[in-house]
Amino acid sequence: MRGAIKAIVEKHNGERRQLLAILREVQDGWRSVPEDAITLIAEEMDLPRVHVEGTATFYHFLSSEHRGDTTVYLNTSATSEMAGCAEVAAAFEDAVGTPFGSTAADRRFGLYTTSCIGMCDQEPAALINDVVFTNLTPARVRELVAGINAGRAIRELVGPLGDGRNASPEIHAEVKNHVRHPGPVFFAPFTPGAALAKALDATSLDIIESVKRSGLRGRGGAGFSTGQKWASCRATDAESRYVICNADEGEPGTFKDRVILTECAELMFEGMAVAGYAVEATRGLVYLRGEYAYLLPHLEKVIQSMRERHLLGKRILGTRFSFDIRIRLGAGAYICGEESALIESAEGKRGTPRNRPPFPVVSGYRHRPTIVNNVETFGCAARIAERGPEWFRAMGTTASPGVKLLSVAGDCERPGIYEVPWGVTVREVLDLCGAGPTLAVQVGGPSGVCVSERQFDRRLCYEDLGTGGAFTVFGAHRDLLSIVRNHMEFFANETCGFCVPCRAGNTLLLKSLEKIMVGNGTTEDLEAIEHLGRMVKSGSRCGLGQTSPNPLLSTLENFKELYAQKVRSDVDYISQFNLEYATAESIEVAGRVPPRKKA
Amino acid sequence: MEQGQIEITLNGAVIRARDGQSVVEAARESGIYIPTLCDYKSLPPAGTCRICTVKVGGRIVSGCTTPVSNGMVVESDSAELNDLRKGLIEMLFVEGNHMCPSCEKSGDCELQALAYRYRMDVPRFPFSFTNRAVDASLPHLILEHNRCIQCLRCVRGVKSRGGQEIFGFKNRGREIKIAVDTTHPDALTEETARKAEAICPVGALIKKGPHYLTPIGQRTFDETPIGDDIERGADS
Numbered sequence: 001m002r003g004a005i006k007a008i009v010e011k012h013n014g015e016r017r018q019l020l021a022i023l024r025e026v027q028d029g030w031r032s033v034p035e036d037a038i039t040l041i042a043e044e045m046d047l048p049r050v051h052v053e054g055t056a057t058f059y060h061f062l063s064s065e066h067r068g069d070t071t072v073y074l075n076t077s078a079t080s081e082m083a084g085c086a087e088v089a090a091a092f093e094d095a096v097g098t099p100f101g102s103t104a105a106d107r108r109f110g111l112y113t114t115s116c117i118g119m120c121d122q123e124p125a126a127l128i129n130d131v132v133f134t135n136l137t138p139a140r141v142r143e144l145v146a147g148i149n150a151g152r153a154i155r156e157l158v159g160p161l162g163d164g165r166n167a168s169p170e171i172h173a174e175v176k177n178h179v180r181h182p183g184p185v186f187f188a189p190f191t192p193g194a195a196l197a198k199a200l201d202a203t204s205l206d207i208i209e210s211v212k213r214s215g216l217r218g219r220g221g222a223g224f225s226t227g228q229k230w231a232s233c234r235a236t237d238a239e240s241r242y243v244i245c246n247a248d249e250g251e252p253g254t255f256k257d258r259v260i261l262t263e264c265a266e267l268m269f270e271g272m273a274v275a276g277y278a279v280e281a282t283r284g285l286v287y288l289r290g291e292y293a294y295l296l297p298h299l300e301k302v303i304q305s306m307r308e309r310h311l312l313g314k315r316i317l318g319t320r321f322s323f324d325i326r327i328r329l330g331a332g333a334y335i336c337g338e339e340s341a342l343i344e345s346a347e348g349k350r351g352t353p354r355n356r357p358p359f360p361v362v363s364g365y366r367h368r369p370t371i372v373n374n375v376e377t378f379g380c381a382a383r384i385a386e387r388g389p390e391w392f393r394a395m396g397t398t399a400s401p402g403v404k405l406l407s408v409a410g411d412c413e414r415p416g417i418y419e420v421p422w423g424v425t426v427r428e429v430l431d432l433c434g435a436g437p438t439l440a441v442q443v444g445g446p447s448g449v450c451v452s453e454r455q456f457d458r459r460l461c462y463e464d465l466g467t468g469g470a471f472t473v474f475g476a477h478r479d480l481l482s483i484v485r486n487h488m489e490f491f492a493n494e495t496c497g498f499c500v501p502c503r504a505g506n507t508l509l510l511k512s513l514e515k516i517m518v519g520n521g522t523t524e525d526l527e528a529i530e531h532l533g534r535m536v537k538s539g540s541r542c543g544l545g546q547t548s549p550n551p552l553l554s555t556l557e558n559f560k561e562l563y564a565q566k567v568r569s570d571v572d573y574i575s576q577f578n579l580e581y582a583t584a585e586s587i588e589v590a591g592r593v594p595p596r597k598k599a
Numbered sequence: 001m002e003q004g005q006i007e008i009t010l011n012g013a014v015i016r017a018r019d020g021q022s023v024v025e026a027a028r029e030s031g032i033y034i035p036t037l038c039d040y041k042s043l044p045p046a047g048t049c050r051i052c053t054v055k056v057g058g059r060i061v062s063g064c065t066t067p068v069s070n071g072m073v074v075e076s077d078s079a080e081l082n083d084l085r086k087g088l089i090e091m092l093f094v095e096g097n098h099m100c101p102s103c104e105k106s107g108d109c110e111l112q113a114l115a116y117r118y119r120m121d122v123p124r125f126p127f128s129f130t131n132r133a134v135d136a137s138l139p140h141l142i143l144e145h146n147r148c149i150q151c152l153r154c155v156r157g158v159k160s161r162g163g164q165e166i167f168g169f170k171n172r173g174r175e176i177k178i179a180v181d182t183t184h185p186d187a188l189t190e191e192t193a194r195k196a197e198a199i200c201p202v203g204a205l206i207k208k209g210p211h212y213l214t215p216i217g218q219r220t221f222d223e224t225p226i227g228d229d230i231e232r233g234a235d236s
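Those protein sequences? They're chains D and C, same order as listed. Here the first sequence is numbered in my numbering, starting from 1 and rising by one per residue. Here the second sequence is numbered in my numbering, starting from 1 and rising by one per residue.
Take the hints with a grain of salt, since some may be wrong.
[Said to hold, decoys possible] Each pair of labels, with its calculated beta carbon distance range:
1. D:576 with C:222: 33 to 41 Å
2. D:228 with C:194: 46 to 54 Å
3. C:79 with D:4: 54 to 62 Å
4. D:519 with C:14: 52 to 60 Å
5. C:97 with D:482: 27 to 35 Å
6. C:14 with D:320: 28 to 36 Å
7. D:578 with C:14: 17 to 25 Å
8. D:589 with C:126: 23 to 31 Å
Simulated from the structure, these hints should not be mistaken for lab results. For glycine and all other residues, C-beta sits at the position ideal for the given N, C-alpha and C.
Could you build the full structure based on these sequences and the hints that come with them?
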């Protein structure tokens with residue numbers, strides 16, 4: 001083992017920051033990261049063993065146990081459950097002979113579940129050794145397992161290729177773009193170099209001014225002023241600065257960055273270069289979520305071709321400005337979408353958010369001033385450089401200028417990508433996507449808001465309903481509480497565990513919801529949930545815990561009746577334990593109800 | 001005012017502070033106790049426990065990681081903040097398995113002392129009764145994971161002779177736990193075990209050997225509540 005580990009470490013120049021890449025390679029090769037490998041990596045890299053162990057045990061796609069020669073990660077997010085992932089899971093278990101959460105005794109297959117993989121418009125979907133399979137059915141599962149058992153390469157089993165670049169040899173995926181409503185920013189023709197040529201004609205301060213004037217706000221969901229962020233970074237004295245693209249699109253229900261990365265990568269990279277020019281950075285990083293590893297060869301190729309056209313690399317377009325981009329791959333952790341956790345992860349560490357201050361614009365990647373912006377934000381920035389801030393400002397609303405990419409999924413006829421001006425109402429989007437009778441819409445993913453029909457005339461914009469773009473439709477026939485449970489399970493699983501309220505509180509919230517769902521809740525439990533939810537929000541250290549109670553809190557506010565039907569108001573207290581519920585399975589197996597003893 | 005001296009408003013009163021201090025430190029020097037659990041002497045702050053949560057200009061932040069600035073308005077003592085603190089203590093009690101009467105650290109335990117100070121009767125949340133193993137495989141140190149609150153004090157404060165980290169976090173989320181580098185000889189010494197036990201605010205790191213040398217009733221927090229020394233000005 002030592003020789004092989006040494007070779008992997010050397011391939012990455014023994015760089016501390018490449019630890020996650022090194023661990024990914026070990027996982028790929030051994031199908032786990034064994035204890036011995038951790039010790040050897042620590043020795044070879046001269047790192048404390050606890051650092052290597054800490055990183056190796058943090059990420060979902062790294063494991064101490066063997067995950068099987070073929071590892072299936074089936075997405076179990078709400079939209080996947082709605083599309084029938086339970087039947088698909090049963091088919092996998094049947095075909096492979098091991099339950100989910102385990103590896104078969106012969107180690108040929110491992111079946112595991114995973115959080116949203118960004119395919120909500122084509123669920124159920126799964127990653128099989130990093131290859132994406134969409135629209136799965138039990139029949140298709142049997143076909144895939146038979147193919148793998150027959151010794152075929154997993155890439156050969158990919159079905160009809162998707163549209164656009166999904167069909168290119170680099171991507172070669174059955175993923176579909178589903179661009180339903182193209183708009184002027186992302187899906188209008190773009191001449192590579194057009195944005196950079198304009199930007200390089202101006203001064204860096206002019207560019208920042210221009211982005212400020214455009215009113216562009218971060219597209220990841222928080223909506224911070226992009227111009228302000230760039231200005232703060234540039235104002236920090238430093239020898240070097242960094243531009244990081246947050247391509248860790250992990251919010252369940254969102255997948256628009258995947259489509260930008262597939263079809264508009266040039267625009268996005270050019271936006272990064274414009275940002276680099278503006279903040280006087282020469283190096284950029286893309287932090288690509290592990291789930292999108294299948295896009296890596298494509299993105300590398302785009303970067304290479306941009307270098308060849310002098311749009312990246314040294315002396316861009318013949319000027320003195322140099323800027324180059326490298327890609328870092330994640331390994332399955334929602335928390336890494338938080339900008340300081342992303343920086344930690346990009347440095348090869350556990351994806352734990354940092355304490356702020358200092359903010360990344362002051363001390364970020366490698367303690368240098370760093371801007372972290374979303375994929376979509378960089379795309380917008382490139383267009384602003386190309387076409388001017390006034391053009392951008394003319395779209396959208398006063399406080400939310402421009403357009404927004406929505407990832408529409410769930411119960412509608414046309415799930416996919418919608419490029420719409422800010423200010424569009426929930427109802428307008430429902431009409432556009434062909435939704436039928438609708439119970440609720442999850443705006444902005446689980447960390448956002450769940451709105452009912454009474455609020456369908458609300459507008460998507462920072463003045464009203466701010467959003468990172470997820471727009472998930474739940475039809476009138478859906479059981480909303482089980483969707484809320486799915487979302488709370490997500491947060492309870494994805495908390496990094498660093499701070500108490502988020503680590504302990506989310507699990508307690510989930511337990512409380514389950515108590516209500518099995519009929520053991522009282523009206524006091526509902527009050528307790530609201531109270532605990534507010535505690536988790538105010539006590540947590542980063543955006544994850546500050547928003548994770550939202551699935552419960554927003555449905556308690558907007559769908560109070562669903563909870564009221566489930567709880568008892570005639571008693572103050574019912575224990576968590578329900579004898580009938582606990583014995584239901586054994587009663588079914590035994591086929592008889594035990595006689596009740598008289599008190 | 002002297003160089004580096006600033007003024008902040010804490011709970012309505014103006015107090016002196018020094019540039020570079022945290023809110024918790026500045027309060028402590030003025031005889032105001034902002035409760036802490038993960039914060040420890042000169043160690044860099046971690047911000048894991050959130051017990052020191054305060055309001056700065058209306059925003060909720062942790063007092064140990066927030067540096068003071070001139071004119072800052074801080075609120076550390078309100079019904080809302082004290083309820084949050086009590087809630088966090090209760091969360092820790094239900095998350096692990098804290099059987100105080102049988103714990104070597106009873107009376108010296110900061111978590112227990114905070115629970116008394118905040119008059120925790122019984123936690124408002126259901127116990128998780130989580131299954132955590134005790135690791136007694138090291139020569140001098142017992143890892144009592146049932147009692148660990150993941151405060152990171154040992155990670156930050158107990159290093160090898162060369163200054164290298166020998167304690168660390170492993171896993172993620174509710175599975176998170178303290179790990180020890182058993183390949184490092186310094187991690188296995190009696191000296192390390194002694195330091196680890198001393199720095200641990202609870203009874204999660206216990207040095208093998210005699211305990212209960214100080215009888216119950218004569219321990220750190222048996223007579224006076226935690227924070228009392230600061231409020232009496234013993235620290236200033």
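Here is how each hint holds up against the structure:
Residue 576 (chain D) and residue 222 (chain C) have their C-beta atoms about 34 Å apart, which keeps the hinted 33 to 41 Å range intact. Checked against the given bound of 46 to 54 Å, the beta carbons of residue 228 (chain D) and residue 194 (chain C), roughly 51 Å apart, stay inside it. In this structure, residue 79 (chain C) and residue 4 (chain D) meet the distance hint of 54 to 62 Å, their C-beta atoms being roughly 60 Å apart. For residue 519 (chain D) paired with residue 14 (chain C), a C-beta distance near 55 Å keeps the hint of 52 to 60 Å intact.
Distance hint check: the CB atoms of residue 97 (chain C) and residue 482 (chain D) are about 31 Å apart, consistent with the given range 27 to 35 Å. Taking the beta carbon of each, residue 14 (chain C) and residue 320 (chain D) are about 53 Å apart, not inside 28 to 36 Å as hinted. Checked against the hint of 17 to 25 Å, the pair residue 578 (chain D) and residue 14 (chain C) fails, with Cβ atoms roughly 56 Å apart. The supplied range of 23 to 31 Å is met by residue 589 (chain D) and residue 126 (chain C), whose beta-carbon atoms lie about 28 Å from each other.
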